[in-house]
Amino acid sequence: MVKAELEAVIQFDRERPDVYGNAHPKNLLRAIQEDGDHLGKITNRHIYSADQFDQESLLQLFRLAAKYEANPDRFSTSLQGQILISAFYEPSTRTRLSFESAWHRLGGDIMSITDRSTTGLAKGESLADVGEMFNNYGDCVVLRDTNAGSVRDMMNALRIPIINAGNGTDEHPTQALADLYTILKWRPALIEGDEKANLCIIGLPSKMRTVRSLLKLIALFPECFSQVTIVNDKSREEMFDPGQLEQLLEAGVNIHTSGNLNEVLPDADVVYINAIAWEGNSFSQYGNQYHIDSTSPLKEDAIILHPLARGAELCCSLDNTPHNWYFAQARGAVFLRQALLTCLVRRVERVLDIV
Amino acid sequence: MVKAELEAVIQFDRERPDVYGNAHPKNLLRAIQEDGDHLGKITNRHIYSADQFDQESLLQLFRLAAKYEANPDRFSTSLQGQILISAFYEPSTRTRLSFESAWHRLGGDIMSITDRSTTGLAKGESLADVGEMFNNYGDCVVLRDTNAGSVRDMMNALRIPIINAGNGTDEHPTQALADLYTILKWRPALIEGDEKANLCIIGLPSKMRTVRSLLKLIALFPECFSQVTIVNDKSREEMFDPGQLEQLLEAGVNIHTSGNLNEVLPDADVVYINAIAWEGNSFSQYGNQYHIDSTSPLKEDAIILHPLARGAELCCSLDNTPHNWYFAQARGAVFLRQALLTCLVRRVERVLDIV
Amino acid sequence: MVKAELEAVIQFDRERPDVYGNAHPKNLLRAIQEDGDHLGKITNRHIYSADQFDQESLLQLFRLAAKYEANPDRFSTSLQGQILISAFYEPSTRTRLSFESAWHRLGGDIMSITDRSTTGLAKGESLADVGEMFNNYGDCVVLRDTNAGSVRDMMNALRIPIINAGNGTDEHPTQALADLYTILKWRPALIEGDEKANLCIIGLPSKMRTVRSLLKLIALFPECFSQVTIVNDKSREEMFDPGQLEQLLEAGVNIHTSGNLNEVLPDADVVYINAIAWEGNSFSQYGNQYHIDSTSPLKEDAIILHPLARGAELCCSLDNTPHNWYFAQARGAVFLRQALLTCLVRRVERVLDIV
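Residue numbers (the working numbering), protein chains in the order written: chain H, 1 to 355; chain D, 1 to 355; chain C, 1 to 355.
This is chain H alone, in the form it adopts within the complex (with noise of 0.2 Å):
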């Protein structure tokens, strides 16, 4: 290489592109006023299914994620002395390393588990002792595994909190909280009932454990939009797991389906895309005819949301214009779970103003 163009390549800039939509933590910031008192029911229990949570408890974690977020430097110190067990079962990058700079970001320790055959599991150890030997060496659990009923079997045993990082096809809640995290960043009017956003999910429920979260959470908020379409090449009985439909109807949703991208995509504000199911040790694609690019016919507002890894289905011809809020998506899922993380060992009071 000459020497000129080996000069252009190791330059870099270290400034975010302003395009990539975050510049909104303040406001989200104020339009939630703090009220610790609601972070009770986020500080005392188990991170296990979307289902969990309350309008009023997810708030206050949304503020304090926007406290984090508006301000990365200064709360180094929250979990000085505290250890969390990464456990990663079912390989990840991503999730893994979103959860751990979360954790040195506040000054924790990290101890590591990323291969399945070395753990005792091996030798046909129960989760439960796993969980009671865990007890013993940490303060915090993160779990990703493909077997769907580890996480559960490991709570039973635990007197440290664990966050379940994705059990099988099942759930994934800390991906759908950065996911509602973000909308709300995008539009704090919707908190306030100011407006709706008209939701488009591109993904398949019954499959994909980020949607199926992502869809208990917008149960939980249903007056922040007005529609919500579920774009997929299935039909309603293979889209839906027996009560996904339900739940959102009974909570009043207005939901429903498509297998017409481009009919749909005019009209939405957010538009959220997802192709990969993880299915045991491997994983599906589905929708591979569904993508979107610079070509797509979007609203100009319009935002894409994607919970990445990503394929074919979301063109890199996007990355560089105002609908990129999956980068921002990505940033705001470490102040989220650093909001989470601090909830769930106690260490609310070293960042709240009111104590």
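To be clear, the hints were calculated from the coordinates, so they are not data collected in a lab.
Be a bit skeptical, because a hint or two may be false.
Identical chains blur together in the list; that is why a pair holds if it fits in one copy or across any two.
As the list claims (entries may be wrong) - DSS-like, lysine-lysine: derived pairs with alpha carbons at most 30 Å apart: (1) Lys41 x Lys3; (2) Lys3 x Lys196; (3) Lys41 x Lys26; (4) Lys196 x Lys26; (5) Lys234 x Lys196; (6) Lys26 x Lys299; (7) Lys299 x Lys41; (8) Lys234 x Lys41; (9) Lys3 x Lys299; (10) Lys196 x Lys41; (11) Lys26 x Lys234.
Using the hints provided, position chains D and C relative to the given structure of chain H.
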């Protein structure tokens, strides 16, 4: 899941059950007078074999462990600035996390190697060269390998201390130290010579490194035990490796063997059970016909120890009984390792009252 | 093992042998006057290729490394609050632990990825997307991959600095920096132009990334070397990739080649030897007929360098001789990496005397 059921599932209790036997660090502290001079023999040696210890230095080590266990949050900077190289060439979660938790709690940093295939050994590098590399990168090494000679080979080149965390079927000295620490914590009177314990070991001395190391420590404290009975289904020739039985007899241990567990249990004060022996890259189970459960003819005050992981040999029905000291054993092992690590990196002056 | 034998085996000496050549940071510090301005070229660029450097910034980098090596405990908070993403998609223990030790010693936190198969790359995720993810999770990346294009692909998306820790058979710039640092530490007079060294390289420039990067640095400091002789059993066409030899000749390096090691050794002041080339997922050995041992016709003052891991090509009989500078080389590499990392995350002002 119904909301009420979910709510019940996600709640957890942070308090340890009293019945898990942990309330005794104070008694052990009182039973042993602090005399840091005796720690000198532990400070400047690799930890390789249970044979290398003597009573006086072990009592001071146990006293230091008890001090840590009685004040788990006080000494959070003892190992500040120190780096542990946690090298588990043979996979482990339990022992690895026990060491890493011990090190983190005291403020140290850790570099983990959990996959032998990622090391230079795959390139044919000698363990001596790996040791010389470690001299430059860390302050202390913990090593486990299926190859019994690895620890010794690395030791020759090391100028920082190494702990043998399990070398093939040979030894596991820190596990034995944790076991004896637990027994003395349970009955400090054993040290003072006021009492003796009847110890039953269900396991195979010739195959299990945990049992091999434990018997060596018992040979150092013969006066604490009225009788030691090894229970398994082998003949004496198969049960012991050359020298094992002789060492116990020479030390004056009243050693028996038996194939009938239920005949031995009614007299046992301490019951130690293990069924797994790691041999090469896999494990074997020995003595499947032996198991203890809540119907076993245990003495009312008998305590049970198990190095864990456990299988069918130790029934869960015993977990919520006062016999359960195997959880306390795992808990105490962290503090025992803290004491050992503090000595090895010469930070004892930060913890002792009299320097 | 008899007690006396055990006692001998477990004792160890914490002092480094003088003969391991390490007593020279002071001389190098004196030979280079501190001028932090020249570090600006290192502070704001990815570290990709040995071609990107110039003499002045390298001398300041080496001075900073020497400062760290002369005061290993003084700057223990330089990287406090910073997170390193240690991504070794191609396995390594030596280089990974060298970087991680450097970062830990300066107070930073680390997230390690040691298994490519656990990453989103297995899901088909682009390296650019992985880079964008890293932007949100850490402050600096170190990456090694068998695929020569990976570092470049990730660099394009990064807003935090990345260090190429080995990209296929292409380059390994920090190893070469460590090598040159060691040579200048050994003979600071080379910088002042008072002396020249005769350098012998036993290796294959076309296949070994360590040699490739080293030759590029030699081309920056041609006045330090009276002669550079490449020793291997290949023809000139096979020995060099296009451009390698030309770069050295254009820089004015007196470059020779030879197939006869024992003819070259008697004139060599510095002997660099390497036998392993990583190609794809396995390694090949080149030049098995070349090896150095205590009978080799070395100059009395000659020093030997080897990037390690070593095999039969560098005999242990040389370890305890004054020729052994390969252990000092590994030791110094940690400090060289400390200097580099400090620059990249813009913490130099915490270490320089004049800011």
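task: Check Lys3 against Lys299 for me: Cα-Cα at most 30 Å, and say if that holds within a copy, between copies, both or neither.
output: Neither, since 44 Å and 38 Å both go past 30 Å.
message: Within a copy, between copies, both or neither: which one fits Lys41 and Lys26 at a CA-CA cutoff of 30 Å?
response: within (25 Å within a copy, 36 Å between copies)
- prompt: For the identical chains here, do Lys234 and Lys41 meet the 30 Å Cα criterion within one copy, between copies, both, or neither?
  reply: neither (37 Å within a copy, 56 Å between copies)
task: State whether the alpha carbon distance between Lys3 and Lys196 is at most 30 Å within one copy, between copies, both, or neither.
output: between (54 Å within a copy, 27 Å between copies)
Homo-oligomer pair classification [Lys196, Lys234; C-alpha up to 30 Å]: within (27 Å within a copy, 72 Å between copies)
Same-copy or cross-copy closeness of Lys196 to Lys41 [CA-CA at most 30 Å]: For Lys196 and Lys41, the Cα distance is within 30 Å only inside one copy (27 Å; across copies 50 Å).
field: Up to 30 Å CA-CA - Lys234 versus Lys26, copy category
entry: This pair counts as neither: shortest intra-copy Cα distance 41 Å, inter-copy 66 Å.
Within, between, both or neither: Lys26, Lys299 at alpha-carbon 30 Å: Answer is within: at 25 Å inside a copy they meet the 30 Å cutoff, but 65 Å across does not.
task: If the cutoff is 30 Å on CA atoms, where do Lys41 and Lys3 land: within, between, both or neither? Let me know, please.
output: between (59 Å within a copy, 14 Å between copies)
field: Status of Lys26 relative to Lys196 across identical chains (alpha carbons, at most 30 Å)
entry: within (20 Å within a copy, 62 Å between copies)
- request: Have a look at Lys299 and Lys41 and pick one of within, between, both or neither, based on CA distance no larger than 30 Å.
  value: neither (38 Å within a copy, 44 Å between copies)
Violated hints, in rising order: 7, 8, 9, 11; the structure is consistent with all others.
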